[in-house]
Structures are given as structure tokens and as C-alpha cells.
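Residues in the sequence shown are numbered from 4 upward in steps of one, following the numbering used here.
Don't read these hints as lab results, they were simulated from the structure.
In silico lysine-lysine, DSS-like type, Cα no more than 30 Å apart, as pairs:
| hint | residue 1 | residue 2 |
| --- | --- | --- |
| 1 | 59 | 26 |
| 2 | 21 | 55 |
| 3 | 76 | 55 |
| 4 | 76 | 59 |
| 5 | 76 | 62 |
| 6 | 76 | 21 |
Restraint ranges, calculated between C-beta atoms of paired labels, are given here:
| hint | residue 1 | residue 2 | range |
| --- | --- | --- | --- |
| 7 | 77 | 27 | 38 to 46 Å |
| 8 | 27 | 74 | 31 to 39 Å |
| 9 | 26 | 74 | 29 to 37 Å |
| 10 | 52 | 13 | 16 to 24 Å |
| 11 | 77 | 25 | 33 to 41 Å |
| 12 | 6 | 28 | 32 to 40 Å |
Beta carbons are placed, not taken as given, at the ideal position from N, Cα and C, and that holds for glycine.
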Amino acid sequence: MVNSVLSTIREYGINTQKADVDKTIFPDPDDMVFYEVKMGADDAFLVTGNIKHFPKDPKVVTPTEMVEILTEKGLI
Numbered sequence: 004m005v006n007s008v009l010s011t012i013r014e015y016g017i018n019t020q021k022a023d024v025d026k027t028i029f030p031d032p033d034d035m036v037f038y039e040v041k042m043g044a045d046d047a048f049l050v051t052g053n054i055k056h057f058p059k060d061p062k063v064v065t066p067t068e069m070v071e072i073l074t075e076k077g078l079i
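All chains should be built: construct the whole structure from the sequences, respecting the hints.
Pasting the structure below:
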């Protein structure tokens, strides 16, 4: 499973520039950079085990949710 997920990320991953975001919404300012990168592309997901550290967003997901999304799309 791990190799399938990594292979899918390599194949479908994108390069993006970070976007400016409201800096007041982060309990841990060190996490802001990850959200900025996610916001740099419409189709990007942020995969994290600390979902509570980010704004509520359907594209901020846990690792389990990301595997479910990739499975539903037939990518793994």
C-alpha cells in the first residue's frame, strides 16, 4: 500500500507556489507554510495528522482520508 501511495504522489503531484493566507487563523504559526503551499493550487490537498491546526477545509485531510480519496479515484 505504501509503495502505491508514493507512486501515485510521484505521478500526480504538482509543483506550486505558496499563496498568502490570513496569518491569524493558525494556532501554530509554523504550520502556516504548509497551508500556503496547499492554497497555491486549486487541486492540491494538504495531508496532515494535525488537522485541528488548520482551517476547516475539505482539502485538508488526514492520511487515511487521502488514501480513501485516491482509492475512490482508482489511483491506487
